[in-house]
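Trainee: With the hints as a guide, bring the two chains together.
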Amino acid sequence: MSEAAATPTPPNKPVALAPKPFAPEDEVTLRESLKRCSPSTFEAAIQFRKTGNPEHVPAVVIGVIERFVEPDLRVKLKDADDDLRLIEDLGIDSLTMMEIVILVEDVLQMSINNEELRNLRTVGDVKTFIDCKVRGLPLPKPTKFLPIEHIGSVMPIQPPFLFLNEASVSSTSASGKYKITGQEFFLQGHFKDNPVMPASIMLEALGQLAVLYLLEGAPAEPGKRVSPQTIFFTGCEGVRAHRLCKPGDILSLSVKPKRMKMPLATFEGSIRVGADKAVIAEEITLTFGFVDIVEAPAPVAALPAATAPEPAPAAPLRAAVNA
Amino acid sequence: MPRVFITGLGFVTSIGNDAATVVDHLRSLRHGLELYPPFQAPDIPCKVVGTIKGFTADSPDPEDWTFPAAYSIKRELLRSMAPNGLYAHCAMLQAIADARLTPPEISNAETGLYAASGGSPYLTHHHHERLQKVGVMRCSPLGIVASIVGTLNFNLVAAFRIQGASCGFSSACASSAHALGFAFDDLVLGRQKRMFIVGAEDGNRDAILPFAGMRTLSLQTDPGLASRPFDAARDGFVGTGGATVMVLETEDEVARRGVTPYAEVLGWGQASDGYNVAISHPEGLGSAAAMRLALKASRVEPAEVEYVNAHATSTLIGDISEARALRAVFGAALPRVAVSSTKALTGHGLSLAGVMESAFCALALRHGFVPGCAHLSTVEPECAGLNLPRTTEARPFRTVLKNSSGFGGANVAVLFRGAA
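Note that the protein sequences, when read in sequence, are chains A and B. Each step along the first sequence adds one to the number in the working numbering, with nothing skipped, and position 128 is 128. Each step along the second sequence adds one to the number in the working numbering, with nothing skipped, and position 234 is 1234.
Bound conformation, chain B alone (with noise of 0.2 Å):
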C-alpha cells in the first residue's frame, strides 16, 4: 500500500491569504472575525463573521470583483465562478506554487480534484432573480455552473485542466474531510498518483443567515467573543468563507519529485450518528466511531495522538457531543491528548472547515506548534476532563487526528504524522 503525504497547502482564509501569515495566526491565536457590514442592519441579530481581506466578491458580476494584484484570472474563467471559485481559484494557484508541481504534472489521467461547497446560494438567488425579472431565455448562460453545489469541481477541472478523477462532495461541515478522505483512498489504490483536495465557501450573507434559523449563529457583537468552543458562555458558531487547498501525493512521487511533504496521511475513517437531520448525536456516537475507524486503519494507539484538531464549532449541543466522544475514545489517554477548535479563530467554514483545519494541522506539524483555544475562560462543564491548552505550545510533536462533522450526523475522522 503507497504511503500518501501531504506536498502543497493553499489558503484564503479569514486568518491570512498565505500559509506564513495562517501560522502567524495560529502562534499567536488572533482570531480574523469582524463585524460584518452586511449584518450590521437591525432586523439581522448576528453580526459577526470571518472575513476574507483584501479580495471583494459582494457583486453578482465577477467582472466587478478584486482580488490581490498578485492573481491575475482572465474574464472567460471569472464569469463562471461564484466568489468560492475566486477565492479557491487563488488557493490552488498557491498551492500549485508551494508543490512546485509543472503544467504536465497537473494536467494527466492520474492527477485528480475533488471539493466540496455549498454553491452559492447568492448566485442561485440573483439568477433565479433575474430569470423572474427578464425572462428565461435572457439569464445568463454561466448562471448554472457558477451557482450549483458542484461550480467549484466544475471550474477548478476546466480551469486547470485536471484529467484525472474529479468529483464534488456534500456532506456540509463533513464535505471537505470526505473529500480528502476519499482522495487518500484513490492515491492508495493506485487509481491516482496525485490529488487537489478543494474547500471553498462564499461566506456571504446568503451563505451564513441560512443557519440563523435554526438558532445556531453566535449573537455575540465583539468579535473576540462571537467563537468560543468548550467555553461555557458559548453561543453558537461564526461563519466563515474563504478556500483551501491540499496536494496529497504518493509516496512515489515525493520521491521522484524529491519534494518536502508537509506531513503524512496515515489514514481515516467515517461513520454516521443515525440519529438527527441537524442534530448532532448526545453522546457522539458517529464521531467516536469515526475515531475508532481511523485509527485503527491508520494502526495508531489513542495514546500515541498527541493532538485532536477538533471539529467544535461553539455551538451548545455539538461541542458537548464531540467531547463525549474524544472521552469515550481516549480513555485513560484523554488527559495526554492537547486538544484545541481553530474555529475560535476562523469561524466556521462549512464545507471548507475539513481541508481547512486539516491543512492548519499540517502546518503544526511542519512548524512544530500545539495551536491552543482561543477565547476559552469557563470551560462547558460537560467538556470537563480534556487537555485544552489556553495558548499555542511549540514543541514538535507527530501524531494529529483531526474530526469533521456535518448534517445528517456524517462524522469523518482523518490522522496526520509529521513526515520528520
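Extracted from the complex, chain A is given alone in its bound form (with noise of 0.2 Å):
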C-alpha cells in the first residue's frame, strides 16, 4: 500500500461563481485553516469566499505553498516567475503537495482529483490550474517533457548543428538543456588553443528552442499544425552575453511567447549556467506557417476492401485491441 490507487479522471466541474453566502463562524473556520499563512493570504481567501472573484485566487494559492515551503527556501518566492519549479526549487515532495490541496481544496471549496495533479511542475502550472478551476475553463495542456530522440525526430534542423540535449514545453514556455562538450566543430577555431562557444550559437540554440516551442506547444487553429518547413529566423532585438561559457558548462535554456500573430512569433529568452545569467535576448522573431493536419491513413488491414459491398465491421478489431 505505497500508494493511493488511480482513479478515473471525472469531468472538470467549474465551482459555482455564485458562492453560497459566507457566514461568521466560515471565517473562524477559515482563519483556523490559514493560522500559518501569511495575512494576505487570509485577506484573499475571505474575498474569494465572499464575491466568487477569481482575481484573489493567486494569492491564496501562492500564500498556501509558501506555507509549507521550508523557511530558508521562501525568499524564492517573493520575487518568483511562473517557472519556479516546485521540486527542485522548492523542495516540495508528492506529498507536501497533497498537503498543498487539501488545503486549497478546503478554502477555496473545491475539489482536486488525483490524476490533475500529475502534470503539475511549476509555480505556473499551479496557479493556471487553479484559475481554470475556479473559472470552468478547460484545463491547459501539460508540461510535456521531450528527451533528445522526440526532438530529433520533430526538428527541421538536425546534428551537428542541433544545440539542444533535452526539452520541456507548455503551452506558456519551453526550457531545455545542453551541455558543451567541447567536440562541436566550431570550437577547434573559436578560439585558437581556448574553446569558447560562440555568442551566436547561443542565440542559435535558443532560436531552437523556440522552433521546438512552436511545433509541440504552442496553440493553433483548429484543425492545423505549425509545419517545420515554415518557421524561419527574422530578427532579434536586445541581445546580451554576460559570461563567457565553455565545454563542461550546461546551458540552461528558456523561451516564453511574447506576441504571436501569423506569420510572426516573438519570444523572450535567455540562458543561465548555473545561478550565472549567460545570454538574454529580449527579442527573438521567426516566421512560421500552418498546415492542415491530415490524418494518418488507417492501417490497410482495417480498410474495407475495396470491392467489398459492406464496411469491414469495427467490432472485432475492437475487441482484439482490448484483449
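Read the hints as simulated data drawn from the structure, not as lab findings. These numbers were taken from a predicted model, which means no experiment stands behind them. Treat the hints with care, as some may be off.
Said to hold, decoys possible - Restraint-style ranges between C-beta atoms, simulated for each label pair:
no.: 1; chain 1: B; residue 1: R1100; chain 2: A; residue 2: P159; range: 49 to 57 Å
no.: 2; chain 1: B; residue 1: M1137; chain 2: A; residue 2: E282; range: 56 to 64 Å
no.: 3; chain 1: A; residue 1: E282; chain 2: B; residue 2: A1158; range: 25 to 33 Å
no.: 4; chain 1: B; residue 1: A1158; chain 2: A; residue 2: D26; range: 34 to 42 Å
no.: 5; chain 1: B; residue 1: P1103; chain 2: A; residue 2: Q229; range: 29 to 37 Å
no.: 6; chain 1: B; residue 1: A1020; chain 2: A; residue 2: R36; range: 31 to 39 Å
no.: 7; chain 1: A; residue 1: H242; chain 2: B; residue 2: P1103; range: 34 to 42 Å
no.: 8; chain 1: A; residue 1: V75; chain 2: B; residue 2: E1063; range: 13 to 21 Å
To be verified - With the Cβ distance kept under 8 Å, some of the chain A side facing chain B (calculated, not the full set):
no.: 9; residue: R36
no.: 10; residue: E70
no.: 11; residue: L95
Just so you know, even glycine gets a beta-carbon here, dropped at the ideal spot from N, CA and C.
Mentor: Encoded structure:
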C-alpha cells in the first residue's frame, strides 16, 4: 500500500461562481485553516469566498505554497516567476503537494483529483490550473518533457547543428538544456587554443528552442498545425552576453512567447549556467506557417476492401485491441 | 559468537532528558510524577502521570509543538511524527552523540533499528474525527504514518537514513524488551553489526486513560505515593511517556571505533504464560521460565546475579506474580539479589518500559550504584523474602537481570554485565 490507487478522471466541474453566503463561523474556520499563512493570504481567501472573484485566487495559492516551503527557501517565492519549479526549486515532494492541495481545496471549496495533480511542475502550472478550475475553463495542456530522441524526430534542424539535449514545453513556455561537450566542430577555431561557445550559436540554441515551442507547445488553429518547413529566423533585439561559456558548462535555456500572430512569433529568451546569467535576448522573432492536419492513413487491414459491398466490421478489431 | 555491547544511550523520560539527570534521579530516588493537568477534570479519577518536562506535544499539529532549543527538527520530518516520535527523535540524537557515531556509521546495510511504541491513539482519534468531519479525501496525507503502530520505526528509519534491519515490536509492555532481544540475536548471528533499540510512548490522555477501564491505574492523588511497587498499599500503575534509545554494537565494532561501552548484553530469554489475555499468571510461570532461559543462554548462575530491575508496575496482581517467579528462580540465592522497580520513579512506560529500564541498568553498572525501591514503606506480605533496598546503594556490581512482561502473558528477561 505504497501509493493511492489511480482513479478515473471525472469531468472538470467548475466551481459555482455564485458562492453560498459566507457565514461568520466560516470565517473562524478559514482563519484556523490558514493560521500559518500570511495575513494577505487570509485576506485574499476571504475576498474570494465572499465574492467568488477569481482574481484573488493566485494570492491564495501562492500563500498556501509558501506556508509549506521550508523557511530558508521561501525567499525564492517572493519574486518568483511562473517557471519556479515545485520539486527542484522549492523542495516540495508529492506528500507536501498533497498537503497543499488539501488546504487549497479546503480554502477555495473545490475538489482536485489525483490525475489532475500529475502535470503540475511549476508555480505557473499550479496558478493556471487553479484559475481554470475556478473559472470552469478547460485545463491547459500539461508541460511535456521531450527527450533528445523526440526533439530529433520533430525538428527541422539536425546534428551537428542541433543545440538541445532535452526540453520541456508547455503552452506558455519552453525550457531546455545543452551541455557543451568540447567536441563541437566550431570550437576547434573559436578560439585558437581557447574553446569558447560562440554567442551567435547560443542565440541559435535559443532560436531552436523557440522552434520546438512552435511545433510542440503553441496553440494552433483548429485542424491545423505549424509546419517545420515554414519556420525561419527574421530578427532579434537586445541581445547581451554576460558570461563566457566553455566545454563542461550546461546551458539552461528558456523562451517565452511575447506575441504570436501568423506569420510572426516573438519570444524573449535567456540562458543560464547554474545560477549565472549567460545570455539575454529581449526579442527573437521567427516566421511560421500552418498546414492542415492530415489524418494518418489507417492501417491497410482496417480499411474496407475496395470490392466489398459492406464496410469491414469494427467490432472484432476493437475486441482484439482490448484483449 | 560475537559479544554485544551497549555503546550509546539517549533519554527523554519523566526523570530527565539526559543521562546525567537520569543518574541523579536514580541515585537520589527523586520521582518524575506530577498531577497531570488534563487529568484534573472531576470525571477522571486518576490524577498522576510521569510527565515529560521541556516538551509540549499536546496539539495534533506538530508545528504547534515545542521542544528544547538544542534540537532542530525540520517541518518535513515533524509533520509525520506522533508525540512519541518527537521524544524518540531527540533521544536518537543523544544516543548517536553518546556513541560518537558518524553519518556513514548510522546509514549502512549493517546498522538497523528496532522500535516499540503503542502508536498514537491521540492522533488516530484526531485523524478519524477529521475524516468524519471534513471528508475522506481531506484527511491529512501523513495521518496514517503519524498514528498507527509502527509510526516510530517509519519515522526514525526515514529520518536517520537507516539501511539495515528495521521492524516494530508489539507485545505491549514487553515490546521494547523484545526489540532488544531480537536486536541482540541479529548481532550475534552476524546479520548486523550495530542496532538502535528505541522505545517511546505518547504518555498522554489517550495513551493512558484506556487502562482505567481495567482498573489498573493508581487513583492516588499524591505523586509521591502513586507508584510504589511491592508496597502493601499500592493501588495500580502510573502512566508515563517519553523515549529511550540504546545503541548495541558487536565487539569488533567496539574495538574498531575505540569506544568505551556501558555494559555487555549477555543474553536473553522469553516465555509466555499461556494463561490470560491481560492478567499475569498467579505463580509467574512465564516470567520464571523467561528468567531461566535468559540465565541459561547467558551461562550465568542465579547466584551470580546481584541486581534485578523488576517489571513490577505497582499493580495488585502483577507485583505478586513477579515476586513468586523471582522466588522460584533464585531460591536460596534470593536474599543476596537486590530487587527494585524503577517504575516507582518514572511511572510505567508501557512499550517504552523495557528499553528505558535496561538503559537505567546500563547507567547503574557504569556509575556503580544499585537503584533502591522508592516509596516503599510496608512490603506486600506476598512479596516477603525479596531483598528490597529502600535507598540506592553506591557500590560497584557486575551482573543485572532485567524483567519485562506484557499483555497476553508475554515475558522477557535480559542479562547485562558491567563492561569493566
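Trainee: Give a verdict on every hint.
Mentor: Do the hints match the structure? See the list:
For R1100/B and P159/A, the hinted distance range of 49 to 57 Å is satisfied, since their beta carbons lie about 55 Å from each other. Separation of M1137/B from E282/A is about 46 Å and departs from the stated range, judged on CB atoms against 56 to 64 Å. Range check, E282/A to A1158/B: Cβ separation about 47 Å, and the 25 to 33 Å hint is violated. A hinted range of 34 to 42 Å for the beta carbons of A1158/B and D26/A is consistent with their spacing of about 37 Å.
Between P1103/B and Q229/A the Cβ separation comes to about 57 Å, which falls outside the hinted range of 29 to 37 Å. A beta carbon spacing of about 36 Å between A1020/B and R36/A agrees with the range 31 to 39 Å that was offered as a hint. Range check, H242/A to P1103/B: about 39 Å between beta-carbon atoms, so the 34 to 42 Å window is met. With their beta carbons about 20 Å apart, V75/A and E1063/B fall inside the hinted range of 13 to 21 Å.
With 8 Å as the threshold, the beta carbon of R36/A comes within range of chain B, its nearest partner Cβ sitting at about 7 Å, so the hint holds. For the restraint placing E70/A at the interface with chain B, the shortest Cβ-Cβ distance is roughly 7 Å, inside the 8 Å limit, so the hint holds. With a cut of 8 Å, the hint placing L95/A at the interface with chain B holds, because the nearest CB-to-CB distance is about 5 Å.
Hint compliance for this structure: hints 2, 3, 5 are not met, and every other hint is.
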